Amino acid sequence: MSLSFIRTSRTARKLHVRLGQVQLRRASGHEPQYNEPGGYLFGEKPLPPGQKRVKEDWENIWMYGMSGSLLLGAIIAIYKPDTSIQSWATREAKKRLEERGEDLSYPQQKS
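With full-length UniProt numbering, the residue at position 9 of the sequence shown is 9, and numbering never jumps.
The hints are simulated quantities; they were obtained by calculation from the structure and are not laboratory data. Here the structure is a predicted model, which is why all the values come from computation and not from measurement. Certain hints may be false.
[What the hints assert, rightly or not] Derived lysine-lysine pairs resembling BS3-like cross-links, with alpha carbons at most 27 Å apart:
no.	residue 1	residue 2
1	Lys94	Lys80
2	Lys95	Lys80
3	Lys45	Lys55
[Claimed, not checked] What follows is a list of derived Cβ distance ranges for each label pair:
no.	residue 1	residue 2	range
4	Leu72	Glu99	46 to 54 Å
5	Ile75	Gly38	42 to 50 Å
6	Gln51	Thr83	23 to 31 Å
Backbone N, C-alpha and C define an ideal beta-carbon position, used for all residues, glycine too.
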């Protein structure tokens with residue numbers, strides 16, 4: 001491919017002078033779309049039968065910290081107060097109707 005068309009534009013000439021050469025960047029589209037499998041999971045070789053894996057120091061801290069924070073987040077989400085404008089307006093409307101002495105219940109219709 002000839003780069004003569006790039007050298008004719010003013011910007012390309014400036015780039016050519018500054019960088020010494022112009023490099024074209026092409027979109028990649030003919031390479032594998034995923035990494036081919038070719039090794040061990042997490043880079044650890046399988047242990048011989050009867051041998052236990054030795055955990056690293058950070059693994060227990062991560063496991064207890066992550067599960068504890070998820071549990072705490074779930075508890076907070078379950079017991080958080082209802083602060084929606086609709087529930088506040090419903091409570092306020094019921095309170096005002098009770099103060100005026102109006103009945104909130106609807107009569108049952110017999111069919």
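Against the structure, the hints come out as follows:
1. Restraint check for Lys94 and Lys80: satisfied, since their Cα atoms lie roughly 23 Å apart, inside the 27 Å limit.
2. For the proposed pair Lys95 and Lys80, the alpha carbon gap of about 23 Å is at most 27 Å, so the pair holds.
3. Proposed proximity of Lys45 and Lys55 is supported: the alpha carbons are some 14 Å apart, at most 27 Å.
4. Checking the proposed 46 to 54 Å range against Leu72 and Glu99 shows it is violated: the Cβ atoms sit about 41 Å from each other.
5. Range check, Ile75 to Gly38: Cβ separation about 44 Å, and the 42 to 50 Å hint holds.
6. Checked against the hint of 23 to 31 Å, the C-beta distance between Gln51 and Thr83 comes to roughly 55 Å, which is inconsistent with it.
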